[in-house]
Amino acid sequence: MDRQSIEQLLWVIPFAPLIGALAIGLLCALSPKRGSFPSRTVVGFLACLGPLASFMVAGGVFLALGKSPETTPVHQTLFSWIQCGAFSINFAFEADRLTAVMLMFVTFVGTIIHFYSIGYMGHDKGYARFFSYLNLFLSAMLILVLGSNLVLMFLGWEGVGLCSYLLIAFWFDDEAKAIAGKKAFIVNRIGDFGFVLGIFLIYTTLLKNGPSSLEFSFLATHAYLLAPVATIASLLLFTGAMGKSAQIPLYVWLPDAMAGPTPVSALIHAATMVTAGVFMVARMHFLFDLSPLSGQLVAGVGIATALVAALIGFGQNDIKKVLAYSTVSQLGYMFVAVGAGAYSAGIFHVFTHAFFKACLFLGAGSVIHALHEEQDIRKMGGLLKKLPITGTTFLIAWLAICGIPPFAGFFSKDEILWSVFNTWGAYGKILWVLGLFGAGCTAFYMSRLVFITFFGKNRSSTAFEKIHESPPIMTIPLIILALGSVLVGFFGIPEALGGSNVFASWLTPVFGEHTSATHSNFIEYVVMALSVSVAFIGITIAYIKYVRKPFIASEPRGIAAFAEAAFHVDALYRIVLINPLFSFTRNILFRVVDVAIIDGAVNGIAKLSSVSGGLVRRLQTGTVRTYLYYFGAGAALLMLIVYIGKW
Amino acid sequence: MQMNVPMLSILTFLPLGTFVLLLLTPQGSSKLHRNLSLCVSLFVFLISCVILKDFIPTSIPQFAERFPLIDKWGISYSVSVDGISIFLVMLVTFLTPIVVLCSYKYITKNTREYYGLILLLEFGMIGTLVAADAMLFYVFWEIMLVPMFFIIGMWGGERRVYATIKFVLFTLVGSLLLLIGLIYTAWKASKGGHISFAISDMHNVVLSTKEQLWLFGAFSLAFAIKVPMFPLHTWLPDAHTEAPTGGSVILAGVLLKMGVYGFLRFVFPILPTASHLFAPVMIILSIIGIIYGALVAFVQTDIKKLVAYSSVSHLGYVMLGLFVFSLQGFQGGMYQMINHGLSTGALFLIVGMLYERRHTRLMSEFGGLAKTVPLLAIVFMVSMLSSVGLPGLNGFIGEFLILLATFAASPLYAAFAASGVILGAVYLFHLYQKVMFGPITKQENEKLPDLSFREAIIMIPILLLMVIMGLFPNPILKRTEPSMQKIIQQVNLSTMQTRDFSAALQQDQGSINHDR
Amino acid sequence: MESSAYIGLAITIFFIGVFGMLVRKSAFLFLMSIELMLNSANLAWVTFAKVHGNLDGHVYAFFIMALAAAEACVGLAIIVLFYRKRRSVILDNAKEMSK
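Chains as they are written, first to last, in the working numbering: chain H, 7 to 653; chain U, 57 to 572; chain V, 2 to 100.
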């Protein structure tokens, strides 16, 4: 396909799933007897159609961008969205090579997870509703990725937030899940608060120097004008990223988000939506490049998040919660990379992470499915024998996340650590050490999860014989993703290992040349070896602790209990922020200001007039003669006044 | 450019005629009453569509009609529409059939009077918006009050008498000062010894700063009560809560906007200096309103009261947008008014539907309704998202433009105002979760009927408009822009030399003028 | 012409009427007192007309006579109805409105 025709088809990518979502939604809403028609097959078919179409067009975009010698992005303007004086926003899509990477894996993983969901959600009452939401999500995510300006990106940004809310609260009759959904949306809104202020700051700053626009292409060429406000603007945008990508202090929503169905956790809360923050920082890299300080802060927040989440991961016993904290932790690594200016390394980790984390989540879903909604790993064990495909794919993804070569995670994580090692001198070295430590922690808690779940003796309440492997519609996606977890890393083989890092050179037109190759290969080998050995140490400790000694479920004590309670961060927020604010509102603002002061004043005036009226009323006796006396007295008084006035 | 048919007079007086006609029909034939008023209000909507179709996006008043009433005092019957009023008129004519339709089941006694009063109210609202003569404006302004008084007082909830008296007293206090202010301005607008109440003449009055400050006090008190701005808002929750659904919808959808309209029509063009001097106060009050309304909304236990307080918050945005005096702010404020009419109107309709099913408005009485009334849940969700300003729906456009304009004027103000975006999500999602999600705790909620055909007919146009206005705001923005541009010129012209407002803002205007 | 005597007479009659209204309780006497006051006013009008030498005062006097006649009709009718209702013409008993 040539460039022109693919340019005309760009709109298909986000709109195909949207049409799917609307079609499913309308079919359900209009069907006379809910649930009977449309049948599950029809819904499933419709649901997979949109993502497939998007995937195909995305492939076309990818090829077109790969082929063409020019590196200008593919652009399609649909219509003028907001036009108000000098302020103008187009509803336009734009795809450069960064977008193409995002498009490829979002649509690919998205399609696979749609297939998986046909099996996983097969018996759920809200089957059609689920697919409608999931399609809507994919559409919003693709708008986020494809939007050619910040406002359109924000539309997708909020759209994915909404779908995330809807899907977390999918089983809404469970109050805890409904609350988890609400929490996710509100915490994201706190981030969005920063995001919109960042957009405003960028726009108004550019306005001082002539015409302004929020198109990415315009921003990239006029970034130098933003230099005076680069730190504040980039940090405001990063606040948005902190919300969406679950960084400290706004990460609290993501573990709770596991209340949603497992495919949702895989697609939205691991592979795609939560990486939107990283994507946004990479998209706005020209802004972050202008401020070294904000880069350092981003990396600092990233490494802190990576470590804290990894430590919390030690004490979690819910299979999905462990994975959730590991997602938070891996997102931290991605921010370390983009903070350090190694955007392609960050995006590479987004890319590989999408495969192995989706594989882990879907594997966990398969386990949960087999054990009839059991999620506590203390009640699992020995499952590898009963669930061979799930188990094997899970193990592959586990090795990938631990960073064992040659699995995908190794290459991306190593690239991140290597680029941090090379940036910022001492600060970079500290980050590297912490990152290395975090990698060890990751290996440990992931291994703990794997060993407790798949090895040892069965502790589940389901009879061991009755545990069955999932149907092919679920295992085939697992196999594909596991293959991906092995293979996608090879896109980024570093030059030190004789590769050419295809991934980084693909993105060079977007991010520019990342020059750091001043070190000899020897140091790179050492760094690489260190990170691999740290991973092995983590795995070994976990092996000794959970495989050599039989695992006994016991009440956690001390630090373990602290980690299990996620460091009591939720409780802290509640006590320090939320409760004071609302009790202040209820007791002071509403009861005192509104009811007592303002209403009191108004009602007081009303009371005053009614009391004074009551007094004056006594004068009205009802006898005409009394009035005559008043009249006479009044007339006399008037005459007196006139008489006195004469002098 | 236009036909010789007096479109605006027909539009205005058709509801009045129907009101009289309704009074002649026998009491008790409620079917006749509601069908007649539905047909007429739909027809009025059609007429307004024709007007909109022929409306030309300039700042010149269109469809003007004029003949003198009291020549000696310069009072005339003169009506016209321009970019400020056209979409508010549309909002009135759009919401009135919906209000009629939503009352079919709820209003069972005195239907003749109820529907008559709704039409009388429509007459008053359209009249207020199209009046091009200050005295005419004032007369219509007061006419609006009367039907609302009866609608709340006769068909309201338990504390309706308290609410309706509070409503009328608040509004009356303001409108008396308004009358004095109008007469004074008209007297100052005398041409060749002839006093003139024509609004266009008033716009040319030159007033000293001292006069402007006094008049600003008189005008803005009247209008700010109607908006309502903090701290003059306490009549609103009571009036909203006690009013029947239809009354709440009109109150939130249109009556509140009359205050904002007053600012646009009278305060800014006539009193530019005072507007600039008072701007910081008004902006701070607006921001307090945004945050305060949202916070207080959160602690309400009564659904309707929650929605009512959300109005305080939303109208805070509108006023904020106006008082930063830039095109984006004015346009955003204008857009936000229409948005608020749709989204809050929809929320009140939904609360009404819930009330008709369960006869309670307490949040704790609901829960898990998404299971029993899924369609209502969807409708509720979309309305709520429109209200929290989700991009892609109408609320976003208004909020975004307002906040952008505020940011250009002062980032600090914008930061405070934008926190309302978070709080808006907090109270509405809290409401939704309590009502629609969770387990069904009350037995009565298990067998509720879902959206009926009539209710679907009510809600679908509103939802469609929300989406359309969210994706294609330009047809509206384009038509309001020239008028807004004119007000900005009027309000900024006199103060250019006395007050340097904001560098970024001036720049913005510079580039806008450059565009043309 | 010496008008002060006429005016003095008019004032005297007027105050007799006022005094009558103040002290008598019967509705009939109340009505008669009003007639006295009206007639005193007529006298004053005519006097002043004479003083100023034009007819305005006479015209007003005729108006007042007509008014007095009408007032007497309506007033008497009210008294009759009042009597039918409560078998008395004492005005002080009628003060329901003040309760």
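Just so you know, these hints were derived from the structure itself, not from any lab. Heads up, some of the hints might be wrong.
Stated by the list, open to error - Distance condition first, Cα-Cα at most 27 Å in a straight line; then the derived DSSO-like pairs of lysine-lysine: (1) U:Lys534 <-> U:Lys161; (2) U:Lys498 <-> H:Lys131; (3) U:Lys534 <-> H:Lys214; (4) H:Lys613 <-> H:Lys555; (5) H:Lys214 <-> U:Lys427; (6) H:Lys131 <-> U:Lys503; (7) U:Lys427 <-> H:Lys131.
Checked hints:
1. For the hint pairing Lys534 (chain U) with Lys161 (chain U), the CA-to-CA distance comes to about 39 Å; that exceeds 27 Å, so the pair is violated.
2. A hinted pair counts as satisfied when its Cα atoms are at most 27 Å apart, and Lys498 (chain U) with Lys131 (chain H) qualifies at roughly 22 Å.
3. Proposed proximity of Lys534 (chain U) and Lys214 (chain H) is supported: the alpha carbons are some 25 Å apart, at most 27 Å.
4. Among the hinted pairs, Lys613 (chain H) with Lys555 (chain H) is inconsistent with the structure: their alpha-carbon atoms are about 80 Å apart, more than 27 Å.
5. Between Lys214 (chain H) and Lys427 (chain U), the direct Cα distance comes to roughly 53 Å. Violation of the 27 Å bound is thereby established for this hinted pair.
6. Only pairs whose Cα atoms come within 27 Å are accepted, and Lys131 (chain H) paired with Lys503 (chain U) is accepted, the gap being roughly 18 Å.
7. Proximity of Lys427 (chain U) to Lys131 (chain H) is assessed by CA-CA distance (about 11 Å); at most 27 Å being required, the pair is judged to hold.
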